[in-house]
Each structure stands twice: as C-alpha cells, then as structure tokens.
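> For reference, the chains in residue letters:
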Amino acid sequence: MTLRELKESGWLADENLAEARQWLCQDREEEKRLPWIARFSLGLGAWFAGIFMIAFLVLLLDDGRVEDGVGYLAVGLVILAIGIAVIRLRKNIFLDQLALVLSFAGYGMASIGAEEMWPGYSEFHGALVLSLLLCPLVYWLSGHVVLRFMSVGWSWFAFLGFAFSDESLGIYLAGLSVGLAFVVVALSGRIRMRRWRPALLSTLFGLFTAMWVMSVETHGYRDPFFREAYPAIGTVMVLGFSCLLWWLERGSGTKSTLAVAVFALVAGTIGYFGGPGVGVALGLMAVAHARRDPWLSSIAVIALTGFLILFYYYLGVSLMTKSLSLMATGAATLVLCAVVTKNGKNPKPSTEPAA
Amino acid sequence: MLPCPIFDVHRWVEADSLFSMKGTDAITEGESAEMDRPLSRSELEHLVRSGLVPQEHADRAFAAFRDAVDWVSWLRLWTGAIGATFLLAGVMFFFAHNWQELSPLVRFGVLEAGIVVTVIGAALARFRSAVGQWLLSAASVLTGVLIAVYGQVYQTGADAYEVFALWSVLMLAWVAMARFPPLWVFWLVIVETALMLYAGQVLMPDEMADWSLVMSGMGLVTFGFLALWEWLQGKDRFADFRQDWIRSVMLVAGLFWLSAVLWRWIFDFGYRSETLEASRWIGLALWLAAVGGGIFFYTRVRPSVLGMSLCVLDVAVIVACTFGRVLLEDTWDEPVGWLIAAILAIGIFGGATAVILRFAKGLPDDEESQPGEVV
Chain P
1 MTLRELKESG WLADENLAEA RQWLCQDREE EKRLPWIARF SLGLGAWFAG IFMIAFLVLL
61 LDDGRVEDGV GYLAVGLVIL AIGIAVIRLR KNIFLDQLAL VLSFAGYGMA SIGAEEMWPG
121 YSEFHGALVL SLLLCPLVYW LSGHVVLRFM SVGWSWFAFL GFAFSDESLG IYLAGLSVGL
181 AFVVVALSGR IRMRRWRPAL LSTLFGLFTA MWVMSVETHG YRDPFFREAY PAIGTVMVLG
241 FSCLLWWLER GSGTKSTLAV AVFALVAGTI GYFGGPGVGV ALGLMAVAHA RRDPWLSSIA
301 VIALTGFLIL FYYYLGVSLM TKSLSLMATG AATLVLCAVV TKNGKNPKPS TEPAA
Chain R
356 MLPCPIFDVH RWVEADSLFS MKGTDAITEG ESAEMDRPLS RSELEHLVRS GLVPQEHADR
416 AFAAFRDAVD WVSWLRLWTG AIGATFLLAG VMFFFAHNWQ ELSPLVRFGV LEAGIVVTVI
476 GAALARFRSA VGQWLLSAAS VLTGVLIAVY GQVYQTGADA YEVFALWSVL MLAWVAMARF
536 PPLWVFWLVI VETALMLYAG QVLMPDEMAD WSLVMSGMGL VTFGFLALWE WLQGKDRFAD
596 FRQDWIRSVM LVAGLFWLSA VLWRWIFDFG YRSETLEASR WIGLALWLAA VGGGIFFYTR
656 VRPSVLGMSL CVLDVAVIVA CTFGRVLLED TWDEPVGWLI AAILAIGIFG GATAVILRFA
716 KGLPDDEESQ PGEVV
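In order, the protein sequence lines correspond to chains P and R. Quick note on numbering: the first sequence equals residues 1 to 355 in the working numbering. Quick note on numbering: the second sequence equals residues 356 to 730 in the working numbering.
Since the hints were derived computationally from the structure, they do not count as laboratory data. Given the structure is predicted, the values throughout are model-derived calculations rather than measurements.
One-sided and incomplete, this derived list gives chain R residues near chain P with beta-carbon spacing under 7 Å:
#	residue
1	M390
2	S395
3	R396
4	L402
5	V408
6	F420
7	W429
8	L430
9	L442
10	L712
Once the Cα atoms are required to be at most 16 Å apart in a straight line, the calculated EDC-like pairs of lysine to aspartate or glutamate come out as:
#	chain 1	residue 1	chain 2	residue 2
11	P	K7	P	E19
12	R	K716	P	E30
13	P	K7	R	E411
14	R	K716	P	E31
15	P	K255	R	D422
16	P	K7	R	D391
17	R	K716	P	E29
Note that beta-carbon positions come from the ideal geometry of N, C-alpha and C, so glycine has one too.
Go ahead and model the full structure; you've got the sequences and the hints to work with.
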C-alpha cells in the first residue's frame with residue numbers, strides 16, 4: 001500500500017495528494033533533523049551527566065544542611081522547570097543536551113525529595129505519585145521526544161518498585177493493566193502516533209521490564225505470588241495482543257480470524273507454560289508486522305531473545321518438561337514453516353478503483 | 356518482509372528513510388519518492404483521521420493495507436528461526452535431563468541420527484533454501500552437542516577450548532554450504548568463545564598474556580572479520596551477506612573488546628601505576644586505530660551513519676569515563692568535582708551528537724548507496 005496506489009484507487013483525491021505527501025515528508029524532515037542514533041546519544045549523555053549532576057546537588061544541599069524532603073523536592077522541581085524551558089528554546093544541540101541533563105537531575109532530585117517526605121514506604125510511593133503528576137505536564141510542555149520518553153520512563157521506574165512489596169501487588173497489577181490498555185488503544189489506531197509514540201515505546205519497555213522483574217529469582221527467592229500469578233498475567237497480556245491483532249486484521253475473512261485464533265492459542269500456551277514473556281514478545285512481533293512498524297519489530301525481537309534466555313535459566317519447570325515442550329513446539333513450528341514455504345501465497349491487494 | 360531497524364539499518368533507509376541524507380534541494384525528489392514507499396498503518400490512520408482519505412473509502416483502504424502485508428515471508432522467517440531454536444534447545448535439555456539413564460549408544464545414536472537427518476533434509480530441501488539453511492543450522496548445533504557428549508562419555512580430559520575449536524572446524528562445512536548469515540555469525544561466536552577459553556585456560560595460566568592483551572587480540576580478530584565482511588560487500592558472489600545487521604553486530608563486538616581494555620585501565624585502581632602493562636598501551640593503540648579507522652571508513656569510504664555513530668559514541672563513553680575517574684579520584688565527596696564532571700559530560704555527549712548530526716546531514720545521497728550497501 002503506497003501513496004500512489006491510494007491515488008490510483010481514487011481513495012486519495014488529487015487535491016489532497018500534495019498535503020498528504022507533505023505530511024509524510026514531515027517525519028523524514030524531523031528524522032533528518034535528529035536521527036534516532038542522535039536521540040540515543042542525547043539520552044545516553046543525559047543519563048551519564050545526570051548522575052553526576054544529581055551527586056553534585058545532593059552534596060551541595062548536604063553542605064548547606066538541607067536534609068528534608070521539601071528542599072530536595074523544591075530544588076528538583078526548579079531544575080526540571082529550567083530544563084523544560086531550555087529545551088523549548090531548541091537553539092542548539094549542546095543546549096538540548098544541557099536541558100535533558102537538568103530534566104533528568106530534576107526528576108531525580110524531586111523523586112528523592114518525595115521519598116523523604118513520605119517515609120516508611122520502600123516501594124517508591126512518593127516517587128510514583130510525583131512522577132505520575134509530573135509526567136503529563138512534562139509531556140505536554142516539553143515537546144521533545146527524548147524528554148517525553150524519559151518522563152513516562154520515570155513513572156515506570158518508580159512503579160517497578162512495587163513488584164518487591166507484597167502489600168502493593170494490587171497497585172502493581174493495576175499498573176500493568178493500565179499499561180496494557182494504553183498499548184492496545186495506541187496500536188489499534190485510536191491516538192495520534194506522532195504525539196504518543198515516545199509514551200508507547202516507553203510503556204512497552206516498562207511492560208517488558210515488569211515481566212522480567214516478575215520472572216527472575218533474586219538470590220534463589222522468587223515472590224510466591226508471582227510464581228503463581230505470572231503465567232496468568234502473561235496469558236492475559238498475550239490475549240490482549242491477540243485481540244489487537246484480530247482488530248487490525250478484522251474483515252479479512254474467516255481464514256484470517258482462524259489464523260489469529262490459532263496464534264492466540266499457541267502464544268497463550270507458550271505464555272502459560274513457562275514463557276510468559278516469550279508469548280508476549282511473539283504477540284508484539286505479530287502486531288508490529290501487521291502495522292508495518294519496524295521499531296516495534298525490533299523491540300519485540302530483542303524482548304523475545306531476552307525472554308528465551310530467561311526461560312533457559314528458569315527453574316520452575318523440570319528439565320524434562322522443558323525439553324519435551326520445546327521439542328514439540330519446535331517440531332510443530334518447523335512443520336508450519338515447511339507448509340508455509342510450500343503453499344504460502346499472499347493475497348493480491350484489493351486496490352481496485354473506487355466507484 | 357518487514358525489516359528490523361536496529362538490525363538492518365540500510366533497509367531501514369530504503370523503507371523509512373530514517374537516515375535520509377537528502378539536502379534541501381532534494382526535497383522535491385524526496386517527496387516524489389514518498390509516492391512509492393510502502394505506508395505504515397500509522398500513516399494510513401493519519402490520512403484517514405485528517406480526512407485526506409475520505410471516511411467512505413477508509414474501510415477499503417484499510418482492507419488493501421491488510422492484503423499488502425506480506426505474512427508469508429514473515430511466517431517463513433520466524434517459524435523457521437523459532438522452530439529450529441526451540442527444537443535444538445529441547446534436544447539439549449533432553450540430554451541434560453536423561454544423562455544418567457541414557458547408554459552411550461543411545462546418546463551417540465540419537466545425535467548422529469539427528470545430524471544425518473538434518474543434513475539429508477537440507478539436501479532434499481536444497482541447502483540454500485530457507486528450510487535447508489535452518490536444517491544446516493540444526494546440524495551445526497548438534498555437531499557441538501555430539502562433541503560435548505563424546506568428551507563426557509570417554510572422559511577425554513579435553514579443555515573446553517578444544518571442544519569449541521573442534522566444533523568450529525567441524526561445523527564449517529555446514530556453514531559454508533548454507534551461506535546463511537546468521538549461521539556465519541553463530542560460527543564467529545563459537546570461534547571467539549574458543550579463543551577466549553584458550554586464553555583463559557592456556558595463555559593466562561602460563562603467563563603468556565594478560566587480560567588486556569587477550570581482549571586486544573579478541574578485538575583484532577573481530578575487526579579482522581569485519582574488514583573481511585566489508586571487503587566481500589563488493590563481490591556479487593557474496594550478495595547473500597549484504598545484510599547490515601552483521602556490520603552492527605561485529606562493530607559493537609569489536610569495540611566492546613577494545614574498550615574493555617580501557618575500562619579496566621580507567622577503573623582499575625592501579626591506573627596511575629608507574630609500572631603500567633605494555634598490553635594496555637597496545638590496547639589503547641588498537642582502540643585509537645579502530646575508532647579512527649572506523650570513523651574514516653564509515654564517513655569517507657563506505658558511508659554508514661550507524662557505523663560512524665557507534666565509533667563516535669564509544670569515544671564519548673571512554674572519554675567521559677576517563678574524565679570522571681580522574682576528576683573524582685580525590686574529590687568524590689566535594690560537589691565541585693561532580694559539577695565539573697557533569698559539565699564535561701554534557702560537552703562530550705553534546706559534541707558527539709553534533710558530530711553525528713553533521714556527518715548524517717553532510718553525506719550526499721549517492722554515497723549512501725555504494726555497491727554492497729543497499730540490500
């Protein structure tokens with residue numbers, strides 16, 4: 001499906017062609033202005049220098065005998081505000097880098113302050129509440145993709161602390177549900193992707209990290225709740241991605257619906273019996289392909305590799321069960337590969353002209 | 356087939372122009388190119404939402420988009436990859452679990468039968484077909500398991516490096532037949548594992564080398580393979596290998612080995628020692644040659660924004676770590692040291708980003724499509 005095909009089919013009027021082409025070129029222009037590897041460089045620099053900056057501010061406040069949370073919170077908010085103001089200038093790359101460092105340090109200081117003000121909680125309640133309050137503000141005010149990504153990322157970072165507290169598991173599950181719901185809404189085409197893409201990518205990283213946190217054993221100990229609930233959580237998430245896939249492919253006929261159902265069954269089974277993260281990564285891979293989104297594909301492939309390695313080290317299933325399930329799934333998948341290779345043909349795109 | 360951007364940057368360039376190098380004059384040409392570029396669903400959604408594609412045509416446009424998605428190639432690739440990985444992992448787990456109960460005859464029988472079946476299957480399916488390539492990959496892994504089983508049954512006393520070295524030699528036939536880039540990379544991993552184990556089990560205990568020298572050697576080997584891969588890019592016979600994720604993987608691995616020498620140097624408490632090991636200087640010289648050569652090669656000889664950026668970012672990380680270590684050596688409990696370190700880090704990474712942007716914008720279109728560059 002190309003712009004030319006849209007035009008030739010009569011679905012895109014000639015008078016709209018220039019505007020459509022210009023809109024598509026805007027992304028290229030933006031990418032030309034700041035390619036992804038440059039954004040990565042800015043983010044890496046913010047992380048590096050931000051840690052130095054936080055250490056500087058903590059030592060400075062310590063020297064000034066400022067030890068209460070309010071002081072840290074106030075300094076953090078002021079620095080964050082300066083960071084946002086500087087990034088809105090968009091003068092040059094060094095100022096952008098400075099702004100990102102200030103924002104990172106501001107978030108860090110404010111989070112420390114919030115934690116100081118709500119003592120007795122080891123689950124980052126203060127930091128989570130603060131980051132949830134700041135996130136929409138920063139998201140709307142900054143307009144910079146790296147800072148937008150970072151603002152959502154801070155919320156996920158604070159949220160992940162809840163995984164380590166038995167008393168807060170309800171909040172943890174609610175957070176996962178909200179994250180999944182946002183991903184489903186975003187990828188079903190209900191929101192403007194250009195604006196929400198940083199939030200979507202950050203949420204996907206957050207969800208996969210949350211699944212990783214649930215699956216690992218720390219010092220031979222794994223929270224009993226997660227031991228029981230993780231497969232169910234994984235299966236629900238796989239089903240969420242399968243529903244999304246069905247939504248994207250709906251209207252393609254019974255064969256397509258059946259294929260999505262088989263996919264949901266296979267990925268859900270993989271998700272329930274030992275590899276929830278693997279199942280979810282497979283779900284994202286399929287959705288990414290259905291949307292022709294190479295970024296999401298890359299995230300899914302990385303997640304799949306990581307969760308397969310985790311499964312290798314997972315001790316919750318006996319080696320024999322692992323072996324038999326892997327061999328059976330592998331053989332079935334290879335048979336499917338052979339069938340697809342022999343018989344598979346893509347349907348011809350139905351781009352006949354509009355009446 | 357939908358490309359993965361991180362692993363396949365130049366397909367990315369074609370598909371999504373993420374590294375579009377076009378100058379202002381080329382915008383018209385760029386707009387024209389937009390006509391034939393496959394749209395993503397997000398873009399189609401925008402065209403419908405903004406009314407550019409009228410609502411009455413939306414369903415048919417989305418239906419056409421769905422039909423244009425190539426599920427067959429996607430399924431062929433991923434069912435092959437995942438199926439082979441799962442099956443082989445299952446075989447290995449099976450041996451691990453039933454080790455005591457299996458007689459040597461069964462152990463060898465199953466593995467050798469597996470190798471014979473996979474190779475015959477690959478021959479029947481044609482070695483260079485997708486199924487054939489995955490079956491040869493399976494044969495390569497089973498060869499390694501067979502060597503490990505042989506060593507354990509007969510208690511040969513072989514060092515681990517010998518197992519990996521033998522594995523890399525024996526699987527070379529399957530690797531050469533398959534001409535399958537992931538299998539070549541897997542072979543390279545086995546070779547490097549053998550070399551690392553050899554260093555750890557022979558060179559280090561015999562005091563023939565230290566870790567810095569070993570990692571320098573590993574970097575040299577990896578960059579040697581990268582240079583070979585770059586050289587083969589221009590040869591039509593090796594067109595199968597024109598996949599740029601290989602460049603990214605080898606470049607990251609090579610830079611990691613050489614940078615590790617410097618990280619040891621920077622964070623080792625003896626970094627100011629009067630009796631510095633010569634191997635560190637060798638590592639430093641190789642690292643300088645690698646990043647300098649890499650930046651030159653990927654900007655002048657075979658333009659690649661990702662290749663150049665990886666080298667520049669590696670320099671930024673090493674320089675920032677060095678300054679941080681030196682500055683905070685004696686002032687770690689004083690705010691001013693951290694402030695200077697933060698300012699320097701801002702300058703270093705801001706500079707790195709500026710360099711990346713300058714190269715990315717400065718490269719003309721035609722340099723992006725050198726022979727062997729475009730997949």
